[in-house]
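From first to last, the protein sequence lines stand for chains A and B. Straight run, no breaks: the first sequence in the numbering used here ends on number 256. Straight run, no breaks: the second sequence in the numbering used here ends on number 270.
It is possible that part of the hints are untrue.
Over the 12 Å line for every Cβ pair with chain A, so calculated as not near, a few chain B residues [as the list claims (entries may be wrong)]:
#1 S42
#2 K71
#3 I166
#4 M168
#5 A174
#6 I240
Partial pick of chain B residues on the chain A-facing surface, computed with a CB cut under 7 Å [unchecked claim]:
#7 L165
#8 D167
#9 R170
#10 T171
#11 G173
#12 W177
#13 A248
#14 G252
#15 R260
#16 W264
No lab work stands behind these hints, which were simulated from the structure alone. Remember, predicted model here, so these are calculated numbers, not experimental data. Backbone N, C-alpha and C define an ideal beta-carbon position, used for all residues, glycine too.
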Amino acid sequence: MVGIAVQGLTKVYQSRSHPGGVLAIDGVDLAVADHEFVCLLGPSGCGKSTILNVLSGLDRKYGGAVSVAGRMTSRANDHPYRVGYIFQEPRLLPWLSVRRNIEFALESDGIRRSEWRSRTDNWLKRVGLADFAEGHPHELSGGMQQRTSIARAFAVDPEILLMDEPFSGLDELTARAMRELLLEIWLETRKTVIFVTHNCFEACFLADRIVVLTPRPGKICKEVTVELQRPRNYDDSRLFEMSVSVTHYVTSKEGS
Amino acid sequence: MSAVTDTKIPVAAPPSRPRIPESVSIRVASMVALLMLWQLASFAFSERYVPAPLPTFSALWQLAQSGELVKHFEVTMFRMLVSFAIAMLVGMAIGTVMGLHRRAEQALDLVVMVGLTIPGLCYIIVSFMWLGLNERAAILAIAWTTFPAIAINIWQGVKAIDQRLIDMARTFGASGWRRTTRVVIPQVLPYLMAAARFGLGIIWKVTVLVELLGRSDGIGYMLNYSFQMFNMVNVFAWTIFFTLVMLAIELGILKTIERRLFLWRPEIRA
Chain A
1 MVGIAVQGLT KVYQSRSHPG GVLAIDGVDL AVADHEFVCL LGPSGCGKST
51 ILNVLSGLDR KYGGAVSVAG RMTSRANDHP YRVGYIFQEP RLLPWLSVRR
101 NIEFALESDG IRRSEWRSRT DNWLKRVGLA DFAEGHPHEL SGGMQQRTSI
151 ARAFAVDPEI LLMDEPFSGL DELTARAMRE LLLEIWLETR KTVIFVTHNC
201 FEACFLADRI VVLTPRPGKI CKEVTVELQR PRNYDDSRLF EMSVSVTHYV
251 TSKEGS
Chain B
1 MSAVTDTKIP VAAPPSRPRI PESVSIRVAS MVALLMLWQL ASFAFSERYV
51 PAPLPTFSAL WQLAQSGELV KHFEVTMFRM LVSFAIAMLV GMAIGTVMGL
101 HRRAEQALDL VVMVGLTIPG LCYIIVSFMW LGLNERAAIL AIAWTTFPAI
151 AINIWQGVKA IDQRLIDMAR TFGASGWRRT TRVVIPQVLP YLMAAARFGL
201 GIIWKVTVLV ELLGRSDGIG YMLNYSFQMF NMVNVFAWTI FFTLVMLAIE
251 LGILKTIERR LFLWRPEIRA
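Pulled out of the complex, with its shape left as it was, chain A reads as follows (with noise of 0.2 Å):
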């Protein structure tokens, strides 16, 4: 069964240096299986974001059709499917304590107010912030900040999950905590995910399946199946050597 189904996915941006529209995004065909760990990897520029961006229902000006567990995004419908997102930067709510920025996020997706307390608490303890829920996001450090927000965007329970790039705004060895503790929760609840980055490496050790984007306009040129088993180990060398061959696939000018 297809979770996510995407099909000759166009995008033009309006633009005033050019009347006629920047092709962003030209005919991308993407197929993702239930439970499936799919990273976009590519260089900025590629659109990778735009997809993201469709698939949550934030940009509606698009061509071709979407559809996540056979409901099809559009304008009728504002949310037809529930989504967690994970941003690059946190983007909580300042004046709200972490308990009350991942009850807003329940809240707005219509989660009962009987479940919000053990669904919170779970959530925040499996992140490492049981200890955090009545303070605000700026007596956090960044990573602290990325946590909650992975606990905000599983805690709704959600059909897809949509990351951007979410570790490339922390230090080095942060992210590779943040990755680990990402693929232990993974493994736990295996969300269909589409996570986006330009990172190869990180590519390779989080995903079932890498999509290699060309930029301008953005198109799939390469799709890469990751055979290593999990759970992974950051010192293996056969992850290593792979990230080295991915690397070449995204900085080859020809692309396929």
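Start from chain A and add chain B according to the hints.
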């Protein structure tokens, strides 16, 4: 504010604090010093020119006993509150439109700047010449002088709204109403408070001027009346009274609202 870390570091117990915080005691001391300077000045010059604190407060007491104080206070407060409400509504409407639409911003930014630059006295004179020496003209003049400063603050606040937080709310399915009330308005609130404060700061000054020029009651009128009588003690008494009322509004109402609204902020918590 430093980030919280997981490790627990032993911390020495804080020293026992004096009951009155230092920030309060310094302020009280500075007010006492001001009173003493005032007293010294009245010694140095004649009481005719600088009435001492005691006679001033006793004149204030007499004004209160005669009922004059309350009567003129009520009139002045009424004018200020009505004009403030009008100026806030107009300023919020214009500031919001300017913050949301680039064309409106380009059309109005110079207009608002010009409005802010023209002296309040000009608005007052023009209003009285248009509408006559009446209450409507007074309120128009005060509101007119005040709204540009409010509009500018709201404009900046609307421009500073973080679209990324609104997008976050949308991905979790928050309705337009929830995005507005729970994500947009809390972001604009600090600017709204700043606008209110700027507005009140202008309104104090304009209202007494309006009363001096074209009304026959209110604190501004009584100041002018005392001037005509060359009654320096009453000039001082009315000034002190007015200042105390404004301080009470500033410290008692505005500060309290701000503290409650922005409790989460690090600089206010510390």
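Outcome of the hint check:
| no. | hint | verdict |
| --- | --- | --- |
| 1 | S42 | 50 Å, holds |
| 2 | K71 | 43 Å, holds |
| 3 | I166 | 10 Å, violated |
| 4 | M168 | 4 Å, violated |
| 5 | A174 | 4 Å, violated |
| 6 | I240 | 39 Å, holds |
| 7 | L165 | 6 Å, holds |
| 8 | D167 | 6 Å, holds |
| 9 | R170 | 6 Å, holds |
| 10 | T171 | 4 Å, holds |
| 11 | G173 | 4 Å, holds |
| 12 | W177 | 11 Å, violated |
| 13 | A248 | 28 Å, violated |
| 14 | G252 | 24 Å, violated |
| 15 | R260 | 12 Å, violated |
| 16 | W264 | 5 Å, holds |
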